[in-house]
Amino acid sequence: MLQKREKVLLLRTFRGRTLRIVREHYLRACVPCHSPLCALPAACSHDGKLLSSDVTHYVIPDWKVVQDYLEILEFPELKGIIFMQTACQAVQHQRGRRQYNRLRSLLKDTRHDCILFANEFQEQCYLPREKGEAVEKWQTRSIYNAAVWYYHHCGDRMPIVMVTEDAEAIEQYGSETQGVFVISFKDYLDNFWPDLSAAHELCESILQSRRARESESQESHGREYAEHLPLEVLEAGIRLGRYVQGTLNVNKYRAQIEAFVRLQGASSKDSGLASDILIHGMKARNRAIHGDVVVVELLPKGEWKGRTGALCDNDSEDKASSEAPSEPMPTGRVVGILQKNWRDYVVTFPSKEEVQSQGKNAQKILVTPWDYRIPKIRISTQQAEALQDFRVIVHIDSWESTSLYPNGHFVRVLGRIGDLEGEIATILVENSISVTPFSEAQLCETPVNTPEKPWQVSAEEERRRRDLRRTHLVFSIDPKGCEDVDDALSVRTLSNGDLELGVHIADVTHFVASNSYIDVKARTRATTYYLADRRYDMLPSVLSADLCSLLGGVDRYAVSVMWQLDKTSYEIKTVWYGRTIIRSAYKLCYEAAQELLDRNFGIVDEIPELKNLDEKSKQARLEELAGAIERLTDIARHVRAKRNRCGALELEGVEVRVQLDDKNNIHDLIPKQPLEVHETVAECMILANHWVAKKIWESFPHQALLRQHPPPHQEFFAELRKCAAAKGFTIDTRSNKALADSLDKAEDPTDPMVNRLLRSMATQAMSNALYFSSGSCAEEEFHHYGLALGKYTHFTSPIRRYSDIIVHRLLMAAIAKDEKMELKENLLSNKDLEELCRHINNRNRAAQHAQKQSTELFQCMYFKDKDPETEERCIADGIIYSIRTNGVLVFIPRFGIKGAAYLKNKDCLVMACGRDSCLEWKPGSLQRFQDRIISTTTGGESVTLHLFDHVTVRISVQASRCHSDTIRLELVSNKPHKDPNSELSQPSPLLLKSDLVREVTRCAEEAQLAQEVVAHAIPEEEYLEYRQTKGRSLYMLLEEIRDLALLDVSGDCGM
Amino acid sequence: MAGLELLSDQGYRVDGRRAGELRKIQARMGVFAQADGSAYIEQGNTKALAVVYGPHEIRGSRSRALPDRALVNCQYSSATFSTGERKRRAHGDRKSCEMGLQLRQTFEAAILTQLHPRSQIDIYVQVLQADGGTYAACVNAATLAVLDAGIPMRDFVCACSAGFVDGTALADLSHVEEAAGGPQLALALLPASGQIALLEMDARLHEDHLEWVLEAAAQAARDVHTLLDRVVRQHVREASILLGD
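As they're listed, the protein sequences go chains L and G. Each residue of the first sequence is one higher than the one before, starting from 1 at the first, in full-length UniProt numbering. Each residue of the second sequence is one higher than the one before, starting from 1 at the first, in full-length UniProt numbering.
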């Protein structure tokens, strides 16, 4: 039975009046205590996780400890933690949603041994706040009281340690109850975890930063920033339209000056603002950090500023831009921060000389974050000298209005500056990617497959699954050397003459049960991360490369989609979904499949499956296989043509080629000519994805995971249209079909690069495709713009994408539903799925960024040792794809590098034509037009550079201590670059990516050996090939490329 | 305060109830001697008083009389001090009229009006303190008052509200939960037959979820019925003792 109590709250209203609010508060006798020692397990009715029984004590942190030391409590070594509801609420009210969500996810995480005890709803634990009692005192008292109750509840068998920062509480309660100890957090760590040095360091650094903050607030000198307005004022202001709310985006290239606020949700409609809002200068940004959700007040029109169109480096701090900025845009200032999105930042300590110049206060040090967009952070530490050459993680604690820079504390060391491992770790941390290896518990869940104990198809599964081993010719087509084969194909003629097309996908969900340890881990990773030289798998390798991989000649579980097609019209008559057992007969590579398709049987020796056969049966087998591939291709052509009629963007087929070419120089993945087989396989996958999307949507209209690609905004195409106009092409962007057609026409016969660049601009203008839950938006919004399909999802690569695993589970549930069977597992609700989709989208973006950054890292390392003046390779041909006020943006096809080249340097000298059309610096002026830029010297000579002109550039590396190194381009000549041996090596001057990676790694290793730094020996074969498929579906490639293009978008928005 | 967590991960609501639990209900019948029937109810901190007169002759214009059944006249008012901020409402404002109309519909469905043709039944309800679920409290109070007046009814009318937060249906919303702005459903149920006397919903709710919310509200209404039934029996027992039976 519930007991009713009343709580009286006094709240201050917006207008300053005091409001008396009476709230009910119900207490109950039985609140789940989640302890295995519970005296009344029946009454407590535990569900969810229990504390483990092998701990020596339980620890109960006080509210203040939870607020300040949550990072330490997150250490998996600390076990048996009981969070009291009182403490959690204190976090929620005082630390905001972000920290609270962190606490929530900690509590949900089954790997952490901690629980929440709802003490305020327990009749004996609840203590009403007494008159005149401070909230803090009451919270501590409640937590202590609950701790005592908990101790008795567990039958006095388990000692309880309450850790608090309140010295009075330690004195008052310390010896009040036997078995319940009250000590400070520091003492707790010292006594119970003396070996956990990481926790001690972290604790030390948190303490220090807090001390520094306290002493500072006592000083209280002049305000550097305006105070933030209280939350109620902000909310009221947003409602009234006085303020607008949005996410702060700092311009990477002018981090000190420019930031933009992208409007969110309703506020953009109300205010009638089409564009983003410019926040000019640090004062106006008012302590907001990149990524925060801020509230902005618009300045009067007279004070509006324009974004600068000039190229600029980050190091020139507040260089007054001399040139006239572009037309003014809405400008505002930040008046409050709704949500702080602070994460851990990688920083670098200043070098020795700089420390001295910083002078008087040696304890406090300004460190520079790796990410340009984050302001410098002030931390207090005594280890500054020791940490000088390392990349270090820090955490921002606070940013007072009296302080120019935020305060933070040191968390841990990543690695040496310039060291390959350290830099890779930096990239991972900056993208919030965690790559801890698979744990014992996770690996225990995987089945074994060793020569001594081979894995076999179980009899039970054999009964349940449809057996295709004898009836169907199944084969897979993948890139060479691929290990994780997650799809296979089959096609056969049925007795009535119809065709049966089958797509078979590895049955990962059979091995990865929902909410198992592997599943949790895979969900956290959400995707396999590919970096330039390594990859981090989503699943353990025994699954990804072996048991789930549809290798040739072995029995494997699969999930199949099979269509029955009309023999002549290829209309789909029926479709069947289900679990199957298959044995892939051939594991072909694309090249071999193409040869077979062309009836070129010379490659027979490349198919290992046919080695040991006599000539005759070999021929018969080949005939059979080639026939199957032909039929497949025929069907794929047909399906594709149908999709095209509906307005599918022809873009991607060509785009992939472009992008592969773009990257070809780096990623030598697929030969230059895309083979028709590529399209065939991709089309089959798209078909399977589409039909699965339809199926799960029909079965679960509100909780299916689908993928949408919203149509692009027409405004974004403006630049594309302008550029095309410069070359005399018109681009029609009204529909996806019109766009594809007009892009096809925009082909310059003399220069294939023009079309490529136009296409990459078109991809840039499009929005990202995203996963979403079908319950969260209207059916019209499901549409996939790029593929011109009503519904689409990802189903075909469960080995390396978590979304596909979810889709597999949904499909299985849909099949079970059709057969009126009990649903075995709980499906995610719309809300949970929505959250999961957000997580997956987020991780995918992080994966792409990390991949891009690691590629850049390798490019820089490659050029680092080369002397740009002498080295042949550092001079290359580039093509201009954008014009800015003081320079041009250049794309170098040979290395796949995009970058800025200046026409005007810091001394205001401009490029002028010298001897042999070489460019040199001379005094003069620049004139910028829509499609060309003219540089005139005082002597009257002038050089004109047009859009899409070929120029010669010199590549050098601009080293940076605190940030990643950057590639620097310098114009050498305004004529195309003539490679002395270009005639000879035109097809292959391409620097293969694997070569580049290998060379850089070798250098890095040598350097390390020389310094006798212990380097992790990295197996050489890691660098040879990925050994895994990378974006087999064309669409996936398109996505990756889009993100490559993004590199420039982020730059462009500031230029 | 941004985004109060209405339902915690552990399944507790702001005031410590679980999703399907009602607030504490206390009720008394026969609180006024001069009225034909009266009752007072507390549902948590929502307090309501109901008074019933009739059936009696039609007052005012005779033309309102119905030839085949009794006229049910409901009036709702709320005390100035009922909400957190003192606010004086004009008599017969829009909200009161609407509430009166809803009550009338509810009770026309429940009272056997055809037994008293050309007569009138007056139900006056006043909310003394509003803390969420005013409609439900009014209906429950009025039911007790009508029973107290001895007017024949098909069944009890029991009302309860329900909301929908984070994929879970919450029964008997308090003011805090109502103010959060989620969908809210008010249901008046004739518990014995399971018939619905009135169903009203604010805000948008997905069709699929309606069933759960409705079920939560119906279950809550049945629980209310158990409690009211106990009150009525208690009252009758006391009354019979007083009569010296």
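Keep in mind the hints are simulated off the structure, nothing from the lab. Even glycine gets a Cβ: it sits at the ideal position worked out from N, Cα and C. Any given hint could be a false lead.
[What the hints assert, rightly or not] Facing chain L, a subset of chain G residues (Cβ under 8 Å, in silico):
(1) Arg17
(2) Ala19
(3) Ser174
(4) His206
(5) Leu210
The hints, checked one at a time:
Hint on Arg17(G) holds. Least Cβ distance to chain L is approximately 5 Å, under the 8 Å limit. The beta carbon of Ala19(G) is not positioned within 8 Å of any beta carbon in chain L (closest approach about 13 Å), and the interface hint is therefore violated. Annotation: Ser174(G) was flagged as interfacial toward chain L, and the flag holds, the nearest CB pair being 7 Å apart, inside 8 Å. With its C-beta approaching chain L no nearer than about 7 Å, His206(G) sits inside the 8 Å limit, and its interface hint holds.
Interface hint at Leu210(G): violated, since its Cβ lies 13 Å from the closest Cβ of chain L, which is beyond the 8 Å cut-off.
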